[in-house]
Each structure stands twice: as C-alpha cells, then as structure tokens.
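J.: Chains as they are written, first to last, in the working numbering: chain C, -18 to 139; chain R, 28 to 488.
Since the hints were made in silico from the structure, they are not lab data. Each hint should be verified, as a subset may be incorrect.
What the hints assert, rightly or not - Each computed DSSO-like pair below joins lysine-lysine, with the alpha-carbon atoms no more than 27 Å apart:
(1) R:78 - C:114
(2) R:302 - R:186
(3) R:283 - R:333
(4) C:116 - R:78
(5) C:87 - C:116
(6) C:95 - C:114
To be verified - Listing some non-contacts, in silico: residues in chain C with all C-beta distances to chain R over 12 Å:
(7) 77
(8) 95
(9) 96
(10) 98
(11) 120
(12) 122
(13) 125
(14) 138
What the hints assert, rightly or not - Which residues of chain R face chain C? A few of them, derived with a C-beta cut under 10 Å, are:
(15) 55
(16) 58
(17) 74
(18) 88
(19) 99
(20) 100
(21) 116
(22) 119
(23) 121
(24) 125
(25) 132
(26) 136
(27) 139
(28) 150
(29) 164
(30) 479
Since the model is a prediction, treat every value here as computed from it, not as a measurement. We treat Cβ as the ideally placed atom computed from N, Cα and C, and that holds for glycine.
One letter stands for each residue in the lines below.
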Amino acid sequence: MRQLIAWLVGVLTMGLLVGLALLFASAHNPPRPGPTPPVVAVARPLPSGGLAAPQREVERGRASHAITPSADPKRGRAIYERENCSTCHAIAGTGNPRTPLDGVGKRLNDEELKAWITGAVVAVDGLSPSIVKRKQRYRELPESDLADVVAYLSHLEE
Amino acid sequence: MDTKPELVRLPADLPRFGGRSTARRLLPAVAWVFAYCLLAAFPLVILLLGKIPPGGGYWWDFAMALGFGGLAIMGLQSVLTARFRRATGPFGMDIIYYFHRLAAVGGFGLILGHYLILRTRYGEALGPVNPISAPWPMTAGRSALVMFGALIVSSLWRKKLRLEYDRWRVLHALLAVMAVALAVAHILGVGHYTQAVWQGAVWTAYSVLWVLVVGYVRLVRPAILLRAPYRVTEVRQERGRTWTIALTAESHAGIKFSPGQFAWLTLRSSPFRAKEHPFSFSGSAADRTTWRFSIKELGDFTRTIKEVRVGELAYIDGPHGVFTTDRHPQAPGFVFIAGGVGIAPLMSMLRTLADRGDPRPMRLVYGNGRWDDVLFREEIDLLSSRLRLTTTHVLQDPPAGWKGATGLLTEGILREAVPEPARSGVFFVCGPKPMIDAVQRALRRLGIPLHRIHFELFDMA
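Can you make the complete structure from the sequences, with help from the hints?
T.: The structure is reproduced here in structure tokens:
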C-alpha cells in the first residue's frame, strides 16, 4: 500500500518536473510568426584571401570590415575550433545554439567583433561575470590569431 | 477467534499517532508531499518566472530544464534521508528510504536525459572530454554525472558488488556531497541561467540548505546522541545465532518507543563516526528502564555483536517507523507472521501487548528452518498464557516425529493457520524480503486488503 503511494508520489514528481521542463522549453522558444526561416544556416565557402570579401560586404551594405590584409579566415576557423568556441556558440547549427554566430559580421564590425571575443568593457553588458572572465583569456591570443578569427566570423552567412 | 471489536485498555501516554482520525493522519502526509514537490520544482518555476531570454532551440532548453530538475531532486535526497522525525513520521522511515531509492533513480534519469540530449543533438557544444583542454564547468558536469551514476550503482547493487555496509555509507556520503557540489559548480560555471543576482541566489540558497542538512546529520545529531548515552547491561545468546543486547539509559529518561519500531544503534563507536545500524526494538515498550535489540549474525557488523561487553556505551537514534500495533487501537485483533529473526519487532509487540493486558485475539504464524533455531520459542509459549494468542510453527527442516506444519509460509499454510474470523484483524509481517513478498501475495489471494497488511521495507541483512 505504502509502496504504491511512494511510486505514485515518485511518478507525480517526475511528471511535474518533465512537464515544467516542456513548459520551460516552450516558453523560451515561442512559435515564430510567418514562414519559418531555414533552420540550419549553411556556411559559405571561405574566401581564399582576405581582401576580396570585405569589399563585397561593403557593397552589400554590411558593417565595414577593414580586415588586416594578412588575416586568414581559414586559420581563424581552426583557432575557433581549437579554443572550443562551440561550447558557447553555434555556427550553421553546430555548437551551443544559445548564442549563434551566423551572420554576426552583418551586425558587428571588426573592432566590435574583437571587443566581444576578448570581453572588452564595451561588450560585457548582459554577460555573466564568469563568461566575461572566460573571455578575458582570449586577450592573451596573438594579435594575428584574433585578426584571423575576426576574419572568419565576419564571413559567416546568416 | 472473535471478530467483534472489544474495548481495549490502552495506556494514557500512547505515542502521537494512536487514535487519530484518518483525515488528521493524512493531512500532514499530504502537506509534506506537497512541500517535497514544491522544493523539487522551485528552481524551474523561478526560471520560468524570470525574464525569459531568447531560446536556444526546443531540445536545448528542454535538456537544460531536465538538468535543473534532476539536480533539485538529487539535492533533496539529503533532506529525505536526514531522518527528520516530524517529516518522516506520517509515512514511516522505511518508506522514506524506499522513496529515496525511487526518487534518486528518477533524478539521475533526468540528469542522464539532460546529458544525452546535449550529447546527441549538440555534441560540439560540450567541447572536448579531456579535462586538460575542456572548459572546467563541463568537466565539473561530467564528473558529477559519473558520480551520480556511481552512487546509483553502488547503492542498488551494494551486495552484488560486495561493498561492506560501513564502507558503503562513507562512500555514499562522499560521492553524494561531491556530486551535488560539482553539479552546482557546473551550473554556476556555465552561468547562463544564473546571470541575475537572484538566480544565482536560488542555487546558492539550495546549496546552503544541503550543506546545513549534511552538517545537521554529521555534526548536530551525533552531538545530541552523545549527550544521551546508554549502557550495555546484558549480552545474551539466544537460539539461532541471535544475540539480545539490553541497554539502560545513562542519567536520562531514555526514549519512548512503540512496539515494532526501530532505531539506528551505535555500538563500540562514537556517533560522529556514523557507524550505526538499524535494528528493531525487541523488548516491551511498557518497560521504561530497559531497551532491547535482538540481532542475528548475518553480516559483517552483526557477527561482531557477541563481542560487545557489559558496561560499554551505546547510542540510540530513534524511534522510527510506523510498523506498530499502536497505530491500530481500533483493530479487532492481530495476525503476526514472522520468518526467522523477523520475530524481533513482533516480540516487542507481543511483550508490550501482554504487559498492557491486551484482551484482543491474536495469531502468530512463525516460519523457521530447524526447531532448535526457533528464536524465543519458550517465551512465546509463556506469552500464550498471558494473551489470547494462538501460535503456528512452520518448519522447513522438521525433526523426526514433527506433527506441525512444514515448508514455506504458503497460501495453504496461512489459510489453515489464520482461519476466517482472524482474517478481519490487522496483519504484521516481518522476515526476509522474499518471504514478505510471498506472504503478501498469499494474503492478497486470501482476500486481505492491502491496507490491513503491514511490513517494513528494510532489508536489514
């Protein structure tokens, strides 16, 4: 008898928590009005050099990207992977979906991108202290590495 | 046997659950269940009430919520097993431990769900497994998961793993504290849901609560026990490799218990060392000067009982449990069914009922291996003259010329030993778990409703 009640309370609590978890997921992801945009963004092939792309961005009215001429987006991608950036960010649906970076180059220019990467004062508003602290670490990256990452990020498609 | 309820003389200072109406008994139980659900759900409710940030995808957020829910459940386990008598009283301590096992498996299921969803759908977000290159909050989370898993495995299969009880308890406490601490570190380190000061405060408050409970269990309660010691006055060998230890209170009144209840007993050790073991009282609850436990040599600890010497100090944490005749003052009669040393709490009931001069009809069905090992068989004969008690001995290995029942406590034997009029009584069953399960099934087939069949869920061996 008491075993039955224990099972009942156990199942009730589990049901309550799973129900709340579903509610939590729904509250954070309300259905989008209108046609659903494609879920997975496709990463554009990286430009071989660093020069042609920024010119195209300016032509298309994006944020200006005065990328260092030597900056290499391919290397930037390797650094992005090496530093485990995907534990906090997603690109083309891969990684932590909480802060996707698809099209980030459209919203931020090079200086802003660098400020966000390194947790500079201008960018920390709304970030938790632990994340800001974690980002400080990237200040120790060589300038050329940061430039490569910025070059990589600035070319991400939406 | 007579089925008509008779007027029963009960002592004026019966324990608190005696004679209460069902509604009054149910109310605190319902309130505590509600409090448990509230505490388990609180972290998720708080997150839902706060500012809702843009989602990370349905599965992502579902996985996050499962993690929070799972940790809330796991953290609450320390509160469940802290033996707060007020909270466990309405249910019985054995069912609390039974529920603890159920809830912990459920909580671990939620945490495992949290991990598996992330692993399969967002593997990249977890980063590398290698702790040297992995972000520390992820390593903390993975370690917590492994420790929670180890907690479950070492508890559910302790005997198969040949983990000795005392060692297992130390391991259990260490793993539990470390796993919960690492899981909280994981949440705070990842930081996404604890950005707001008050969100961080919720988890800090929960952590403080858990630390306080652990502090109470490991420090405050042992200190309380230390102030009320008992002294061993007798260590007597009984039949069937069983020993009875008698204790007297050392300059204090001693605890009051109801027959059938149990306590955690500390022998030859300080309460601070947490080397305590649960045993049923076997003596009469009417005797306020001596506390007796009858313990069979079954495990590592119980084999050392015979080494206890008169004059040594002992500590009793109790009484606990709802397996007692005192909860049923309206019962028309009682049926006691025991297997081996399972007679101990039933002896406490029989001795108490005899001391109180209880006039109700009683049946005892007592299963054993050999006649020579039948614990308390001479005293049971004596009690039959003081109580309206009919006893049926059932032996698996009967001596030559045995005319009584033989074999296991089957439906056929119970049908014969407990004839129709006695079946309207309240049933108390105590013995090895397979015996309890078999007897319970047999009684159900004989038409005894579940609510009149009582047994402890402890596997004391």
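J.: Going by Cβ atoms only, is residue 136 (chain R) closer than 10 Å to chain C?
T.: With a minimum Cβ separation of about 8 Å from chain C (threshold 10 Å), the hint on residue 136 (chain R) holds.
J.: Go through the hint on residue 150 (chain R) and say holds or violated, using the shortest Cβ distance to chain C against 10 Å.
T.: Residue 150 (chain R) check passes; min Cβ-Cβ to chain C is 9 Å, inside 10 Å.
J.: Would you settle whether the hint for residue 58 (chain R) is holds or violated, based on the nearest Cβ-Cβ distance to chain C being less than 10 Å?
T.: Where the cut-off is 10 Å and the nearest Cβ of chain C is about 13 Å from residue 58 (chain R), the hint is violated.
J.: Should the hint that residue 55 (chain R) touches chain C count as held when the rule is a Cβ pair under 10 Å?
T.: Since the shortest Cβ distance to chain C is 14 Å, the answer is violated.
J.: Would the hint on residue 125 (chain R) be counted as holding, given a Cβ-Cβ threshold of 10 Å to chain C?
T.: holds, 5 Å
J.: Please verify that the nearest CB of chain R lies beyond 12 Å from residue 77 (chain C)'s CB.
T.: violated, 4 Å
J.: With d taken as the least Cβ-Cβ distance between residue 122 (chain C) and chain R, does d exceed 12 Å?
T.: holds, 15 Å
J.: If you draw a straight line from the CA of residue 95 (chain C) to the CA of residue 114 (chain C), is it 27 Å or shorter?
T.: holds, 15 Å
J.: Is it the case that residue 125 (chain C) keeps its Cβ farther than 12 Å from each residue Cβ in chain R?
T.: Given that every Cβ of chain R is farther than 12 Å from that of residue 125 (chain C), nearest at about 22 Å, it holds.
J.: Please check whether residue 164 (chain R) passes as an interface residue: C-beta within 10 Å of a C-beta belonging to chain C.
T.: holds, 8 Å
J.: Holds or violated: is there a CB of chain C closer than 10 Å to the CB of residue 88 (chain R)?
T.: holds, 4 Å
J.: Classify the hint on residue 99 (chain R) as holds or violated, based on whether any CB of chain C lies nearer than 10 Å to its CB.
T.: holds, 8 Å
Hints 7, 15, 16, 21 and 27 from the earlier list are contradicted by this structure; the remaining hints agree with it.
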